[in-house]
Amino acid sequence: MSNKKNWPLWEIFVRSKNGLEHRHFGSLHAADSEMALENARDVYTRRSEGVSIWVVESNNITASNPDNNGELFEPAHDKVYRHPTFYELPDDVKHM
Amino acid sequence: MSEEQIRSLERQFDERIARDEKIEPKDWMPEKYRKTHIRQMSQHAHSEIVGMLPEGNWITRAPSLRRKVALLAKVQDEAGHGLYLYSATETLGISRDEMYEQLHTGKAKYSSIFNYPTVTWADMGAVGWLVDGAAIINQVPLCNTSYGPYARAMIRVCKEESFHQRQGFEIMMKLANGSPEQKELAQDALNRWWWPSLMMLGPTDAESVHTEQSMKWKLKRKSNDDLRQQFIDQTVPQAELIGLTIPDPDLKWNEERGSYDFGDINWDEFWQVVKGHGPCNKERMKARIGAWEEGEWIRDAAMAHAKKKQERKQKQAV
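Quick note, the sequences are listed as chains P and S, same order.
For reference, each letter of the first sequence is one residue, going 92 to 187 in my numbering.
For reference, each letter of the second sequence is one residue, going 245 to 562 in my numbering.
Keep in mind that a hint or two might mislead.
Below 35 Å or equal to it, Euclidean Cα-Cα: the simulated DSBU-like pairs (lysine-lysine) are [to be verified]:
#	chain 1	residue 1	chain 2	residue 2
1	P	K96	S	K557
2	S	K530	P	K96
3	S	K353	S	K312
4	S	K353	P	K96
Treat the hints as calculated values from the structure; they're not laboratory data.
Every value quoted in this text rests on a predicted model; they were computed, and no experiment measured them.
Generate coordinates for the entire structure from the input sequences, incorporating the hints supplied.
See below:
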């Protein structure tokens, strides 16, 4: 096996059509960002699945840890007053 | 972590799967779940990659441009499917190189069907129709499997796979409706690929070692025997439609079961091929390892080129 550096991993994001956001499609290995773009085109858009591609080297992504989901996301659960249904209105009020 | 804690985590984990929640890469998972998924997913990826070899064999000899572009696109799809699956497997903490190493040393398996030779053009028809047909039956339930990256990869694979089966069936249909010699080619291909395709759906339930656990994790939704019956029931009428005969004298419609009864499968042959003694095992591995080793200089050159470009950019920026 080669002892040289292996091709790094890239995360691929594709906008399927204008008006929609880029969405994570998967990942692939490539020597640099240009090659990652070219490979992403062949691997993820063989059937016109996209109009725009972003590539990000996986190393550059900082992800939250699911073990911390409690402290990160649970505080939102008891803040029901952030939702419109929390507020009581008489039935006669329209358009609100 | 104490054993008690692990048991409690495992219980919560099983409950999540039972509720149809997906498991994502950074979630806690039992070691066995991780290992089983690495095994099955990498085996699946290897099958896509090795599966290119028997078909690549015919690209330059396709009988028309229409057939050639279709076969080329199909083989390219298989490369793509292999790549989706490899990168999904990498999310479980195994590197691409380790997976290749396992394939090349024989530690990891790939679908035994690809160890059969493709000796005539009709084999391109039979492979698309039967082998991809059986693969679809295997793969559709995996779109709902519990491991998120695997399920997402499978959704894409299944969407693309149905053209593969149709192009194969079209080849068979054309040959079956052609000259007597062409029809004979089609029948001969069906004769050779029928039984290996049935074996491809895996050993009988009684012999299958992974079924129970895999059902629980939704890595498997139906047993091998059920999948095989489904494949037979849907394929027999297709063969009849194009005037070809399934090479099984015991094949008979069973009114009561609403399914076809079929003859005994030669499991000795299956296990021989799995153990490496099929007609093309050595050839396939030689081609695969050769491609990897002969490609090393270009992988290294690409890295060197990327580094040079990067340095040039930095110099210009100064």
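Now the hints, each set against the structure:
no.	hint	result
1	P:K96 - S:K557	holds (20 Å)
2	S:K530 - P:K96	holds (25 Å)
3	S:K353 - S:K312	holds (30 Å)
4	S:K353 - P:K96	holds (27 Å)
No hint from the list above goes unmet by this structure.
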